[in-house]
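Asks: Here is how the chains run, residue by residue.
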Amino acid sequence: MTQGDHPVGDTQWPLWEVFTQSAPGKPHEHAGSVHAPDAELALQNARDVYTRRGEAVSLWVVPADAITASSPSDAGPFFEPGNDKPYRHPQFYKVPSGVKVF
Amino acid sequence: MDANAALVDFLLGLGDDRLVLGHRLSEWCGHAPILEEDIALTNIALDLIGQANLFLSLAGDLEGKGRDADALAYFRIDREFRNHPLVELPKGDFAFTIMRQFLFDAFGYHLLQALGESGHEELRGIAGKSVKETAYHLRHSAEWVVRLGDGTDESHGRAQRALGEAWRWTGALFVPTPAEAALDESGVAPNLAGLEFVWRASVDEVMLNSTLELPEADPPAGKGYRRGDHTEHLGTLLAEMQSLARAHPGATW
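Going line by line, the protein sequences match chains A and B. Sequential numbering from 1 applies to the first sequence in my numbering. Sequential numbering from 1001 applies to the second sequence in my numbering.
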């Protein structure tokens, strides 16, 4: 089996992130990851590891290296500026009774 | 052989094929080449044992001697088992396990699909439920055959050798037992010659994609082993599978 790009010392197949949809119309949510040599076997491995107890109606698998993630050092510049700006939240309106507040 | 005895014999064959192959697959638990495949193989093993439970339960009911699926699975001796020799062969290397699995899955898939139109209602129901699982098993094993065959030199060599070893045991799949011939007549079970035709088409397609070559000779149908004949390997498999139930009859957990 050919091995894709992955960290030196990891002798496993490439990593795939798995997303499951629990019911039609619901979002696909991250469930975990599997190793697989290619997309079809990633889908099968995801099926066997994450859906065999009826947890899903649909599956996505995505090569883990296709995901670009923010790094922990981004947390300050990315997220903190929002913390002291309460006016960005729609919380100064009166909510009519009967409306569910999240 | 009356119609009921033929049906019981046929159901025992369906159940025993799955029970024995399920046990063989379960031997990979904790030993498969990679964690995900370990889970996949044991998953398929559990599906097969679940199917065996359904077929053996129905066999026991129709037999009318008070034997349930457990009694049939754990308290018959090897000569009473009605499985094909193909499924009892040792698990071998991963290539042999996958190749044997593919050849059986293709057989099981077409058989269960045909049984979905059986004249026997309960059999039709079990087949309809089982065929969905088996469609997945076939997809899994067929994809692996292609990857091993069209993979590295070593995987190709091992897959080709496994095909040569497994192939000669497939002829017996399509030699009707007296029960199968009678049930074909009465519309309960499919015609095995027709089944062999669609099975062979499925096998040929996957072999083409895998770059593997079928042995030149057709499987030796009608010679050598038939359904219900056994190699030396079944006895040791049953010794392990049945030891707990025989040491503690009636045990529950």
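Wrong hints could be hidden among the right ones.
Some chain B residues flagged as far from chain A (calculated, every beta-carbon gap over 10 Å) [to be verified]:
| id | residue |
| --- | --- |
| 1 | E1122 |
| 2 | G1128 |
| 3 | H1140 |
| 4 | G1164 |
Subject to a maximum C-alpha distance of 25 Å in a straight line, what follows is the list of computed SDA-like cross-link-like pairs (lysine to any residue) [stated by the list, open to error]:
| id | chain 1 | residue 1 | chain 2 | residue 2 |
| --- | --- | --- | --- | --- |
| 5 | B | K1091 | A | H35 |
| 6 | B | K1091 | B | Q1242 |
| 7 | B | K1132 | A | S22 |
| 8 | B | K1132 | A | T51 |
| 9 | B | K1129 | A | S58 |
| 10 | A | K26 | A | V99 |
| 11 | B | K1129 | A | Y50 |
| 12 | A | K100 | A | N83 |
| 13 | B | K1065 | B | R1076 |
| 14 | B | K1129 | A | G54 |
| 15 | B | K1132 | A | L43 |
| 16 | B | K1129 | A | V57 |
| 17 | B | K1132 | B | V1188 |
| 18 | B | K1091 | B | P1178 |
| 19 | B | K1132 | A | N83 |
| 20 | B | K1129 | A | L43 |
| 21 | B | K1132 | A | R52 |
| 22 | B | K1091 | B | S1202 |
| 23 | B | K1129 | A | R53 |
| 24 | B | K1132 | A | R53 |
| 25 | B | K1132 | A | L59 |
| 26 | B | K1129 | A | R52 |
| 27 | B | K1132 | A | A23 |
| 28 | B | K1065 | B | A1251 |
| 29 | B | K1091 | A | V49 |
| 30 | B | K1132 | B | R1200 |
| 31 | B | K1129 | B | F1197 |
| 32 | B | K1132 | A | K100 |
| 33 | B | K1129 | A | T20 |
| 34 | B | K1132 | A | A39 |
| 35 | B | K1065 | B | K1132 |
| 36 | B | K1065 | B | P1178 |
| 37 | B | K1091 | A | P37 |
Honestly, the hints are just simulated from the structure, not real lab data. Remember, it's a predicted structure, so these values are computed and weren't measured experimentally. The beta-carbon is built from N, C-alpha and C at its ideal position, and this holds for glycine as well.
Asks: Does each hint fit the structure? Answer for all of them.
Replies: Results for each hint:
1. Remark: the non-interface label on E1122 of chain B is consistent with the geometry, its nearest Cβ contact in chain A lying 24 Å away (cut-off 10 Å).
2. Its beta-carbon lying about 18 Å from the closest one in chain A, G1128 of chain B satisfies the requirement of being farther than 10 Å from that chain.
3. Taking the minimum C-beta to C-beta distance to chain A, about 6 Å, the non-interface status of H1140 of chain B is violated against the 10 Å cut.
4. With a least CB separation of 22 Å from chain A, G1164 of chain B remains clear of the 10 Å interface cut-off, as annotated.
5. Between the alpha carbons of K1091 of chain B and H35 of chain A the distance comes to roughly 24 Å, so the proposed pair stays at or under 25 Å and holds.
6. The suggested pairing of K1091 of chain B with Q1242 of chain B holds, with an alpha-carbon distance near 18 Å, which does not exceed 25 Å.
7. Taking the CA atoms of K1132 of chain B and S22 of chain A, the gap is about 20 Å. The hint holds against a cut of 25 Å.
8. The straight-line distance between the Cα atoms of K1132 of chain B and T51 of chain A is roughly 15 Å, inside the 25 Å bound, and the hint therefore holds.
9. With a CA separation close to 20 Å, the supplied pair K1129 of chain B and S58 of chain A stays within the 25 Å bound.
10. For the proposed pair K26 of chain A and V99 of chain A, the alpha carbon gap of about 21 Å is at most 25 Å, so the pair holds.
11. About 21 Å separates the Cα atoms of K1129 of chain B and Y50 of chain A, which keeps this hinted pair within 25 Å; it holds.
12. A C-alpha spacing of about 24 Å is found between K100 of chain A and N83 of chain A, which places the hinted pair at or below 25 Å, so the restraint holds.
13. For the suggested pair K1065 of chain B and R1076 of chain B, the alpha carbons sit about 14 Å apart, so the restraint of at most 25 Å is met.
14. About 15 Å separates the Cα atoms of K1129 of chain B and G54 of chain A, which keeps this hinted pair within 25 Å; it holds.
15. Proposed proximity of K1132 of chain B and L43 of chain A is supported: the alpha carbons are some 17 Å apart, at most 25 Å.
16. Restraint check for K1129 of chain B and V57 of chain A: the C-alpha separation of about 18 Å stays at or below 25 Å, so the hint holds.
17. Distance hint between K1132 of chain B and V1188 of chain B is fulfilled; the C-alpha atoms sit about 20 Å from each other, no more than 25 Å.
18. Restraint check for K1091 of chain B and P1178 of chain B: the C-alpha separation of about 30 Å exceeds 25 Å, so the hint is violated.
19. Distance restraint check for K1132 of chain B and N83 of chain A: the Cα-Cα separation of roughly 52 Å exceeds the 25 Å cut-off, and the hinted pair is therefore not satisfied.
20. Under the criterion of a C-alpha separation no larger than 25 Å, the hint pairing K1129 of chain B with L43 of chain A is consistent with the structure, at around 22 Å.
21. Between the alpha carbons of K1132 of chain B and R52 of chain A the distance comes to roughly 13 Å, so the proposed pair stays at or under 25 Å and holds.
22. For the hint linking K1091 of chain B to S1202 of chain B, the alpha-carbon distance of about 23 Å falls within 25 Å, and the restraint holds.
23. A threshold of 25 Å between alpha carbons decides the hint, and for K1129 of chain B with R53 of chain A the separation of about 16 Å falls inside it, so the pair holds.
24. For the hint pairing K1132 of chain B with R53 of chain A, the CA-to-CA distance comes to about 15 Å; that is within 25 Å, so the pair holds.
25. Taking the CA atoms of K1132 of chain B and L59 of chain A, the gap is about 18 Å. The hint holds against a cut of 25 Å.
26. Between K1129 of chain B and R52 of chain A the CA atoms are separated by roughly 15 Å; this keeps the pair inside 25 Å, and the hint holds.
27. A hinted pair counts as satisfied when its Cα atoms are at most 25 Å apart, and K1132 of chain B with A23 of chain A qualifies at roughly 20 Å.
28. Pair hint K1065 of chain B plus A1251 of chain B holds up; C-alpha atoms about 21 Å apart against a cutoff of 25 Å.
29. Annotation: proposed proximity of K1091 of chain B to V49 of chain A holds, straight-line Cα distance about 23 Å (limit 25 Å).
30. Distance restraint check for K1132 of chain B and R1200 of chain B: the Cα-Cα separation of roughly 20 Å lies within the 25 Å cut-off, and the hinted pair is therefore satisfied.
31. A C-alpha spacing of about 24 Å is found between K1129 of chain B and F1197 of chain B, which places the hinted pair at or below 25 Å, so the restraint holds.
32. Between K1132 of chain B and K100 of chain A the CA atoms are separated by roughly 42 Å; this puts the pair beyond 25 Å, and the hint is violated.
33. For a cut-off of 25 Å, the pair hint linking K1129 of chain B to T20 of chain A stands: about 24 Å separates their Cα positions.
34. Between K1132 of chain B and A39 of chain A the CA atoms are separated by roughly 22 Å; this keeps the pair inside 25 Å, and the hint holds.
35. A distance of roughly 31 Å separates the Cα atoms of K1065 of chain B and K1132 of chain B; the hinted pair therefore is violated under the 25 Å criterion.
36. Between K1065 of chain B and P1178 of chain B the alpha-carbon distance is near 22 Å, which keeps this suggested pair within the 25 Å criterion.
37. Under the criterion of a C-alpha separation no larger than 25 Å, the hint pairing K1091 of chain B with P37 of chain A is consistent with the structure, at around 23 Å.
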